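Visitor: Below are the chains, spelled out letter by letter.
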Amino acid sequence: MNKPWYLDRRTFLRGTGVTLSLPFLECMSANASVAPRPKRFCAVYFPYGVSMSSKDENAKWRWFPEGEGKDYQFNESLKPLDPLRESLTVVGGLSHPNGRTIGGHDTADIWLTGGMLKGAQLTNTVSLDQIAAAHLGHETRFRSITLSNTGGVGEVTRSSTLSYARDGQPIPAINQPRLVYNRLFGLEKGSKEEQRSEFSNSRSMLDLVLDHSKSVRGKLGKRDQEKFDEYLASVRQIEERVERSEQWLKIPKPSVNATGLHLDADDSTPEELMKTMYDLMFLAFQTDSTRFATYQLDNMNGATSIAGKFPQLLGFGKSSHSLAHGGNKANGAAALGKWDQFRAKQLSYFLQRLRDTEEGEGNLLDHTIVMYGSSNSNTHNNKNYPTILAGGDKMGFKHGQYLRYDEDTPFANVHRTILNRLEVPVDAFADSTGELEEIMA
Amino acid sequence: MLLYWGVVAVPLMAHASSAASSAEYEKDIRPILEKHCFACHGPDKQKNDIRFDTMSTDMINDRPEAETWHDTLDVLNFDEMPPEDEPRLSDDERRKLIGWLNYKIEAVVKATKSTGGRPVMRRLNRSEYQNTMADLLGIESRYANNLPPEGLSEDGFKNNGASLQMSAMQMEYYLEAARTAMSKSIVSGKQPEVFRHVIEESNGTAGNKSQRERDYSNTLSRTSFFLGKIEKDYHEHGEFLVRIRAKADLKKGQGYPRMEVALGYRVDTLMPERIVDEVEVTSERIQTYEFRGRIEDYPLPSRVQSKFPGLLIRVSNVYDDGSPMPKQETVVLEPAVGKKKAKTKKIWPKESHLPSIEVESVEFAGPVFDSWPPKYHSDILFPSKKRRTDERGYAAQVLKRFMHRAFRRPVELAEVEPYLALFERVRGTVATFDEAIREPLAMVLISPDFLYLVEAGGEEKRPINDWEIASRLSYFLWGTMPDESLFIAAEKGRLQKKGEIKRIVATMLNDERSWNFVDQFVDQWLDVGAVNRVAINPEFYPDWKDELKPSIHEETKHFFAEVLNERMSALNFLDSDFVMVNRPLARHYGLDESPRGMKFERVSLPETSDRGGLLTQASVLLGHSTGEDSHPVLRAVWLRERLLDDPPANPPPDVPGLDSENPDFAKLPVREQLKIHRGQASCNDCHRSIDPWGIAMDGFGADGLVRTEITRRDPKKRGKMFAQPVVTETTLPGGVDINGMDDLKAYLLAEKREQFARALVSKLMTYALGRSMELTDEAMIDELTADFISYDFQLHRLVQEVASSSAFLTK
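Protein sequences, first through last, are from chains Y and E. Counting in our numbering, the first sequence runs from 1397 upward without gaps. Counting in our numbering, the second sequence runs from 13 upward without gaps.
Keep in mind that the hints were calculated from the coordinates and are not lab data. All values reported here derive from a predicted model rather than from experimental measurement. Errors might be hidden in some of the hints.
List time: in silico DSS-like cross-link candidates among lysine-lysine, alpha-carbon distance up to 30 Å [what the hints assert, rightly or not]: (1) Lys823(E) - Lys1456(Y); (2) Lys1475(Y) - Lys729(E); (3) Lys1610(Y) - Lys679(E); (4) Lys473(E) - Lys1618(Y); (5) Lys679(E) - Lys1451(Y).
Short, incomplete list of chain E residues facing chain Y, as computed with Cβ under 8 Å [said to hold, decoys possible]: (6) Asp86; (7) Lys397; (8) Leu434.
Estimated spans, in silico, between C-beta atoms of each pair [claimed, not checked]: (9) Asp104(E) - Gly1614(Y): 34 to 44 Å; (10) Ser818(E) - Gln1591(Y): 50 to 60 Å; (11) Glu1622(Y) - Ala791(E): 19 to 29 Å; (12) Ser1593(Y) - Ile500(E): 38 to 48 Å; (13) Asp402(E) - Gln1591(Y): 53 to 63 Å; (14) Glu1622(Y) - Asp104(E): 54 to 64 Å; (15) Lys122(E) - Ser1593(Y): 44 to 54 Å; (16) Pro1479(Y) - Gly602(E): 51 to 61 Å; (17) Glu472(E) - Trp1644(Y): 20 to 30 Å; (18) Gln1591(Y) - Arg304(E): 49 to 59 Å; (19) Asp74(E) - Glu1833(Y): 20 to 30 Å.
Just so it is clear, CB atoms sit at the ideal spot from N, CA and C, and this is done for glycine as well.
Excised from the complex, chain Y in its bound form (with noise of 0.2 Å):
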């Protein structure tokens, strides 16, 4: 197999008294898999949940499975799935307490995090993710990636990113998969020499503009000032990230092979951007980039999602909220099932190349968790969010099965299993009251 990626080790290390944790790469050194493996998360979230009519001719059109435990089968809509049917696990049944009570399109912030939006303060609290990274990102070039196919953050109970940052403040996320590549795999400009001066440049210039930022911030008033601390901190953290890059600065990116990746993707072409986050996703974790990654396909803002038309583009008739809306009607069925079922193609895709790629003696997928899914089961339903977990054999999940809890088991149980199986050190996750038994090796 043609490795674009691989690299020499006297290349990767040249003149270097490399200090910090090298980032795990496969392709680099046959010893390599005496070290521990790196585990990673990843969350892919859809809105307006799934096709699921209650009509026995529409029966193999819906989302989740027929019978139950390791005894289920697959309707049409995960059909792609069954390649993949040992790597995984259907769960059913969950949801957020939190989201129970809130607006039918609310739930998509929450699905990550758990947090509660009603009332006045609609302020979030942080995601998966964001724990996992602030806990084990250190040990790769970017702490996480967070993608979406609209970008940004969108409006508070309709925003277009998954992430939240540990004030609940929202991640913007990327839509762009040029700029995903270029953040990842891009060359950097200039010599190491011109680098290093301008990082060091930028630490003085921030270091600057924060000083003089507290000039300003005692002018403002109270509300101002407020606003005004989400500049100071964002320029904080960029502090943080130069001089994190200033070590990988020893470190070229890796290089990987961009034929194929189709990086002006946008949506007027909505399979190859999909396709092309995915292939991002995957390389990000083969070249052990990041290790957390969340990407959202679509969110419940009609105002400002560009991927709503999606379907319609792709010639499943509707956009994603009629579809959804259309879930209960005849045919309504089949047409909502048969965009699920494209979805799952996808998905079924991302995880194939995960686990089609060595990695010691398993592949990347043994060491990778995907949470895929909706904090939708049918339009404005906020229970029974359609949930599959699929990766981390190696990391502790036992997979084949199809799970069905009731509502006594809030979804962020969910949340707090991942946790623990990436082994970042939590007593709970949100309002979770355990880990998911079922579930574990």
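Please build the complex by placing chain E on the supplied structure of chain Y, with the hints as guidance.
Guide: Below, chain E alone, put in the same frame as chain Y:
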């Protein structure tokens, strides 16, 4: 109350006094609670610790109670209370109770979000940042490409200080953009060598199949374009110049052909994707047309990729008279001989009725400069003797001048110190002054005074100063930084006089930069961008052409601009006797009298026309459709939100969808379908005040055209299409029977013109101030509305009044 149409006209004022509200509670609400709830949550029992008879209804001040009321709303929406074995609420009781709770809770939310009637320090949004960078540096380039898309405020605006956020990633891209900008602005060394290529015949080939189906030619028509390929060296940074020698072949009764130039190379379509510009070709004699841009703004092919495709320049003719595209014809090149199949080729028939362009040559050159060093460089690094004698002193002057423009106010020497400190630090590490000054200049571009509209503020409101007024005016009306004349006006203290402000506003609206205001305000107020979120299903609209979308998007903006610039009445938004169209759109709308070209022109409508006003514009009709059919609910919500400032409440959690698996459902007219929806009490509460507005508009399809039949699929017959007659008779809230769009417009004009006026005032204020309107703004809005109405709803005057209102001039 939000749910009731009849009460809506002046709802906030009516409810603002708590006396009215508590009287309503005693009269209408308490009796319902007493009848259904007190038994378990009253004096005797307090199940779940909830007791209604003594619970405070002052939700703004008693927050724990407000939370309990909120939970009460939820259990009612979920139909969890009263318990199953108890008597149900009647529909009327339920509606009253939910309506009251919704209203009260909304008020609490508003009160909590209040910014005290003052704008929150606001960051330049993407569009403002782009314009400001271009104006500040004097270089047209793409500065905001990497910035994340902006979120919307709850009222749909993109310039709301409270909702514009900052994040580390955003800062990172600001820093990168600042440095890149400075490396362009401050040049060093000798003028770089200029590469020049002249292409006389279309010599490129595109990879994408659908693109290949156009012919390559020096004659530009709807079915052919010129594709030039450059394989030899070309510059990869700096300004380029495309010089095209071409002439038009004009046709009687048709407009001028329009030449569009695109450049770069897109990996997935294998075509140049990014448009440089377009221009009308009006002469039948060869003329030279020049196009400029910065090459780094265009995706360039990679020289290291397996097969270097070359830099592609596409020159095409985007003129379209709106007539259907011709079909390709197959011509036989070599006839079939024995078993050998015939060799054929598909070609486009010549459309000799359409104007075309004949290209003689295409020249591509770069990097080009007007002078060396270029003007934008010398504007920052102005000539001075000091430069050689006192480098530090010169740096201080350079920075101070630059900061003055970047911060949009005078700068104290002390403020320059930190920037000077950076200069000195960097100066020690690099060879030249020019290199060293780039970094502190970049630092200016990431400082808060540049990225935000910073206005000092204390406990008390204060009138803003001249410089702050200059910025507010300029971002309101131009979407960019003040220009030299505004700076001068500020410096001379002329901006404190209301009369002077009005005069300046009129001048500013005359300036072409005011298009930024039209473009941004119309997009945010009316959400015309919705057309880009809906894809038309060609099975339902076989004649549809996606190429129309940009024209549809533009129409509403040109319409707004016409009303504004010609000092017309804003009631034209409700109905008008003219439209603003270009040729393809006129063809689409079936207008006889038609503009000749792609430019938008005012076209009078005949008496009998179905068109006029905003409601019949395709941007509204398509944007709020499913792409297959109209979407009466979305259209109705749009009308109430955007034109009447009366948005319906959000759907409650777990609202059931149209739960009909009845295959005959599809055969019902939409009016009947919606009726079924309203049959459920929980839906009816809201939808009876929503649906009628949309039903009245149902005579227009997703394509924005009048229709008498609706195309549907029959679910029982494998989706076979059938036609359904359009029904537009409906009863508006308040009991007015109307039938169709004309009636709707007449009703709005007769009965709702004042509410519309107030809505427009409120939206314009929201945009002008960059903050949401609050209770304390009501009096101001009323005053402006009264003035607006008494001056015949003149939009131009309203903009002047808003810009000179005390709210606009206060921090």
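Visitor: Could you run down the list of hints and mark each one as holding or not?
Guide: Evaluation of the provided hints:
1. Taking the CA atoms of lysine 823(E) and lysine 1456(Y), the gap is near 61 Å; set against the 30 Å cutoff, the hint is violated.
2. A distance of roughly 27 Å separates the Cα atoms of lysine 1475(Y) and lysine 729(E); the hinted pair therefore holds under the 30 Å criterion.
3. Taking the CA atoms of lysine 1610(Y) and lysine 679(E), the gap is about 67 Å. The hint is violated against a cut of 30 Å.
4. A threshold of 30 Å between alpha carbons decides the hint, and for lysine 473(E) with lysine 1618(Y) the separation of about 12 Å falls inside it, so the pair holds.
5. With a CA separation close to 20 Å, the supplied pair lysine 679(E) and lysine 1451(Y) stays within the 30 Å bound.
6. The interface hint given for aspartate 86(E) is met, as the beta carbon of that residue sits about 5 Å from the closest beta carbon of chain Y, less than 8 Å.
7. With 8 Å as the threshold, the beta carbon of lysine 397(E) stays out of range of chain Y, its nearest partner Cβ sitting at about 29 Å, so the hint is violated.
8. Satisfaction of the interface hint for leucine 434(E) is found here, the shortest Cβ-Cβ separation to chain Y being roughly 6 Å, below the 8 Å cut-off.
9. Separated by about 57 Å at the C-beta atoms, aspartate 104(E) and glycine 1614(Y) break the suggested range of 34 to 44 Å.
10. Take serine 818(E) and glutamine 1591(Y): their Cβ atoms lie about 52 Å apart, and the range 50 to 60 Å holds.
11. At about 27 Å, the beta-carbon gap between glutamate 1622(Y) and alanine 791(E) stays in the expected band of 19 to 29 Å.
12. The given range of 38 to 48 Å is respected by serine 1593(Y) and isoleucine 500(E), whose C-beta atoms sit roughly 40 Å from each other.
13. A beta carbon spacing of about 32 Å between aspartate 402(E) and glutamine 1591(Y) contradicts the range 53 to 63 Å that was offered as a hint.
14. Between glutamate 1622(Y) and aspartate 104(E), the C-beta spacing of about 44 Å breaks the proposed range 54 to 64 Å.
15. At roughly 52 Å, the beta-carbon separation of lysine 122(E) and serine 1593(Y) lies within the given 44 to 54 Å, and the hint holds.
16. At roughly 54 Å, the beta carbons of proline 1479(Y) and glycine 602(E) sit within the given window of 51 to 61 Å.
17. Separation of glutamate 472(E) from tryptophan 1644(Y) is about 50 Å and departs from the stated range, judged on CB atoms against 20 to 30 Å.
18. Checking the proposed 49 to 59 Å range against glutamine 1591(Y) and arginine 304(E) shows it is violated: the Cβ atoms sit about 32 Å from each other.
19. For aspartate 74(E) and glutamate 1833(Y), the Cβ-Cβ distance of about 44 Å falls outside the hinted range of 20 to 30 Å, so the restraint is violated.
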